Every structure is written in C-alpha cells, then in structure tokens.
Amino acid sequence: MTSVDPATRRARELVRAGLARVAPGPDLDALDDGDDFRDALELDSLDFLSFVEHLARSAEVRIDEDDYPRLRTVRDAAAFLVAAGVG
Amino acid sequence: MPSLGADMDAGTVVEWAVAPGDRVRRGDIVAAVETEKSVIDVECFEDGVVERLLVPVGTKVPVGAPLAVIATDRSGPTDAPSADQQAPAPHPRATPPVRQFAKRHGLDVADLPGSGHDGTVTRADVRAALEAPAPSPAPAPSPAPAPSSAPAPARLPITPYARRLAAERGTGAEALRPGPDGVVRARDVPDGPSASAPTPAREVVAPAEEPPPRATSDGMRAAIAARMNRSLREIPQYHVDAVIELGAALEGLRERNRRAAVTERIVPAALLLVAAARAARRVPALNGHWVDGAFAPSPTVDLGVVVSLREGGLLVPTIPAADELTLPEAMTALRDAVTRARAGRLRSSDAVDASITVTDLGETGGHAVHGRIFPPQVALVGFGAIVRRPWAEGDLLGVRPTVAATLTGDHRATDGVVGGRFLHVIDDVLHDPEEWS
Chain A
2 MTSVDPATRR ARELVRAGLA RVAPGPDLDA LDDGDDFRDA LELDSLDFLS FVEHLARSAE
62 VRIDEDDYPR LRTVRDAAAF LVAAGVG
Chain B
44 MPSLGADMDA GTVVEWAVAP GDRVRRGDIV AAVETEKSVI DVECFEDGVV ERLLVPVGTK
104 VPVGAPLAVI ATDRSGPTDA PSADQQAPAP HPRATPPVRQ FAKRHGLDVA DLPGSGHDGT
164 VTRADVRAAL EAPAPSPAPA PSPAPAPSSA PAPARLPITP YARRLAAERG TGAEALRPGP
224 DGVVRARDVP DGPSASAPTP AREVVAPAEE PPPRATSDGM RAAIAARMNR SLREIPQYHV
284 DAVIELGAAL EGLRERNRRA AVTERIVPAA LLLVAAARAA RRVPALNGHW VDGAFAPSPT
344 VDLGVVVSLR EGGLLVPTIP AADELTLPEA MTALRDAVTR ARAGRLRSSD AVDASITVTD
404 LGETGGHAVH GRIFPPQVAL VGFGAIVRRP WAEGDLLGVR PTVAATLTGD HRATDGVVGG
464 RFLHVIDDVL HDPEEWS
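Chains as they are written, first to last, in our numbering: chain A, 2 to 88; chain B, 44 to 480.
It should be emphasised that the hints constitute simulated quantities derived from the structure, not laboratory data. Just so it is clear, the structure is predicted and the values come from calculations on it, not from any experiment. Think of the CB as a built atom: it goes at the ideal place given N, C-alpha and C, for glycine as much as any other residue. It is possible that some hints are incorrect.
[Unchecked claim] Quick list of the computed label-pair ranges, beta carbon to beta carbon: (1) B:Asp475 with A:Ala31: 43 to 49 Å; (2) A:Ala31 with B:Asp379: 26 to 32 Å; (3) A:Gly88 with B:Val442: 16 to 22 Å; (4) B:Arg302 with A:Ala31: 26 to 32 Å; (5) A:Asp30 with B:Gly262: 27 to 33 Å; (6) B:Glu436 with A:Ala8: 27 to 33 Å.
[Claimed, not checked] Computed far set for chain A versus chain B, every beta-carbon distance over 10 Å: (7) Pro7; (8) Thr9; (9) Ala24; (10) Asp34; (11) Glu43; (12) Leu50; (13) Glu66; (14) Ala80; (15) Val87.
Bound-form chain A, shown alone:
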C-alpha cells in the first residue's frame, strides 16, 4: 500500500464525511474511492447540492457549479480539495 500524504488523507475524510451527511449506510461503506458516487449512492440533485454545501463548509473552500464535474469520485473530489489548498 502506497503511503498517502496527510493533505490527501484529510481531504478524503472530508469528502466521505460530506457523503455520510446525505447518504449514510452500507452503500457508502462499500463505496470505492474510484466509484462514481452520484450513481453508486443514487444521489439526486438535491442530495448532491447538500453534499456540496457540507463539503464547502467543512473544507472552507468555494465550490462553484463549474467544479461539479470534478466531484464524481472520492478520489477526484479529494484531489480537487487538495488543489484548492485543503490540508
């Protein structure tokens, strides 16, 4: 297992915590970091919006609608947060 830098680890935790706010349960536990979570967790647009809301608040970053395509998997979303300075 490759070692993960602390910023990425923290960003990943923030993403998963945000998902847990809108879709807690076994599907989230089984979610792989590379899975498209909107499909896997069956998030509708309102769920996704509240996920973005939680994430923007907990990570203290601005997330624009144009950024949504970069929030498809846990891995991508974590990378987005790290690029935005989280960590």
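Mind docking chain B on chain A? Use the hints.
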C-alpha cells in the same frame, strides 16, 4: 385530528410539543401524529394559549376528533410582525370537494371553523362538525388561564421526541433544561449542538436510545398499494408525452448559480416544478378533483411532489399555492419538503390535499415516467432524467439537453388534447425566462 392525506382515517398522537398554558402561534408545531405512512408534525392554525390537551400520547383517534382546546386572544395586542393591517388575501374557505361534502350533510363551510392551510375548511372540519351535536367547542376568547391548575400530566424527565431531537441536533444532556413543569420537551432542545460538543465533521448517525418513530415500510407499501389499486380501478387514464428542449433554460440557471452561494443555487428540478405549477394554473381542467361523478376545479395549485425515500417507498408532500411561488421560493419549498419527507417528519401543511401531482425521476432515473394519478386528482405530471438528445432546429441538427415530460390524465374529466396543451404550456414557460427568472 387533522386529515393528513386523502386516505387517512385516524392517527395516533405520539408527542405533545406544548402543554397547557403555553402560548402558541399559527404555524407552531404543537404535536406529532403517526399515520400508517409516517409521523407528521401538526402545526397550530391559530394564535392563542393552550387551554387543555384532550388526547393523551399513545391514543389513536379518528380524523376530526378535537385534539386540544386553544383559547384565542383576539383582544390581545398583536406583537406579531405580520402585516395585520393588510386585509387577508381572499382565500377560498374550502376546496370544492369539501364544499360538496359539507353540502351533502346540510352544512355550509362558511359556518365552520377551518383548520387547514390559511384557515380553509377541511373534510376533517366538516366531519368534526357532524360529530359534535352541541355547538362546536368554539374556544372562548378568555384571558390566559392560570398556568397549569391541573397536575402536570407526566413526570418524565424528557419526552421521547425531545430525546430524539437532542440526538439529531447533537445536543448534550448538560445543555438540556427542563421547562416549567420539570419535563424536557421538544421546545427546550436548543437549535444547535452544544458548544462543548466536538465539531460534527465526522458525524455518524448516533444510535439514539430508540429508533425514530418511522412508520414501517409495510404500512407505507400497503398505503401505496391501496391508493394505486384505487387509481387503476376507478380512473380511465390516458397518456401524452413531449420531449422538451432545455438548453436555454439550463444555461439561464447556470448563469444565475454561478453568482450564487451554494445555499442559493437552484436545481433544474425546481424549475420543472415551477413550470408544472404555472401550467396547472393555465390549464385549470387538469387542476382539481373528481368528486361524485363530476370534476371540481381547485382554486389554487396545490402541488403534490413525489419523493422517493432512500430505504424504499415514497411520500408525497404538498407544496400549497405552488403557482404563486418565485423560482427561489419554489426551490426552498422543494428542498424543505424533500428534507422533511426523507427524515420521515412531514408537517400538517405538507399534508393538505394536492390538486395535481408531479413525479420527477431526477438525473439518475429513467428517461420517461408514465405515472398513475393519485385519486381524487385528475392528472399527474412526470419528468424523466435530463438527457442530451439530438435536436432538430430548422434544418440543423444539434445536441441539446432535453427532458421527456409526460401527462397522465383522467379521461372522465379531460381528453388527450387537454393533456397535450398542458405539456405545451410547460414548454412555453421553460422557454420564457420572464416567467421564472
């Protein structure tokens, strides 16, 4: 006991959020009632002081039975910030089906107290009037009664509802202070987590001491089955569909959302809802109820919104007067109703009888839905997922975001041409930013 849905006969009081002596305002949550489908927070429909609670917790009573006596204080000073000077908007006292129901029993809705949204008279009010032989227990305008001359009903340190609220809000036990009667009630639970609580960044669903009082999915399935069987048995339904191009509408939303904070962004589903509500106003033949062999148009567009639940099943909260909402208001109403439905905690105002219903599969759903009408309504609007499709404009072919809109109509009330007109109006509204921006 208010009627919290057309198919409800009785409900069980599972929590009182107020006690005798409490001052309440219109819209305050006063009790929680369990129906076979869910638990619903019952809102108060007038300002006043709670005089007596008539139904103990755990008791099941039929729709129409009085739950509590509230002394209204018409003489009291109005310290509410509401614009009392304005004449109240002329509001119909009752929907036509209720009016007819009352008439069949020799009553006039104008004479009855209304417990519904904005004081409308509901079917339950009519039943209550029928069951009360004495003049209806009109709450006397009395001064505030001496606080609890009766002994406090229960000596529990905390009510189950308050305990659950505290768990949901992350309130520690140390932050809870009981009310004057020594019992911690829902209103005693602070809105936010206690200051000492750790930041809920990794909040998990706390195993509360008892599971939320959510109706069993069996009960919900049975309720859906009963309603859909009735729909299939009673209503000869027709279907019409139209694919609607959304390029400009979605671009308009994107433009607006680009400038907006996350909390003010608007999802396409809210726009579709607004379009459906406006269409229902402009095609009134589809907005109302089929009662006693005739169509009774509804004076307002009370839009039922089908909400699918994560654990299966669905709830259909109503957004009252949805055609009068601006797009941001519709977004707020939609988000709140969906949040309450998914939490299993609808309010009585969510449970008013809808005049037409919308089902929206959302972006991960199928491409089109041909739904069944919820009787006694006469139409159901369906939206599939927004998908990019080849689109011809003039002689040119492009690729545009589109949505398949469908309308299921009651063939006793209207014909397919009316359904087609309805979809056409939806298309018009979506292509006319003046209508919604």
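Okay, the hints, checked on the actual structure:
1. B:Asp475 with A:Ala31: 43 to 49 Å: holds (45 Å)
2. A:Ala31 with B:Asp379: 26 to 32 Å: holds (31 Å)
3. A:Gly88 with B:Val442: 16 to 22 Å: Once the Cβ atoms are compared, 39 Å apart, the range 16 to 22 Å for B:Val442 and A:Gly88 is violated.
4. B:Arg302 with A:Ala31: 26 to 32 Å: violated (38 Å)
5. A:Asp30 with B:Gly262: 27 to 33 Å: holds (28 Å)
6. B:Glu436 with A:Ala8: 27 to 33 Å: violated (48 Å)
7. Pro7: holds (16 Å)
8. Thr9: holds (16 Å)
9. Ala24: violated (7 Å)
10. Asp34: holds (17 Å)
11. Glu43: violated (6 Å)
12. Leu50: At about 6 Å from chain B, A:Leu50 fails to clear the 10 Å cut-off, so the statement is violated.
13. Glu66: At roughly 5 Å from the nearest Cβ of chain B, A:Glu66 sits no farther out than 10 Å, so the non-interface label is violated.
14. Ala80: holds (19 Å)
15. Val87: Fine: 12 Å to the nearest Cβ keeps A:Val87 off the interface.
In the structure shown, a violation is registered for the earlier hints numbered 3, 4, 6, 9, 11, 12 and 13, in ascending order.
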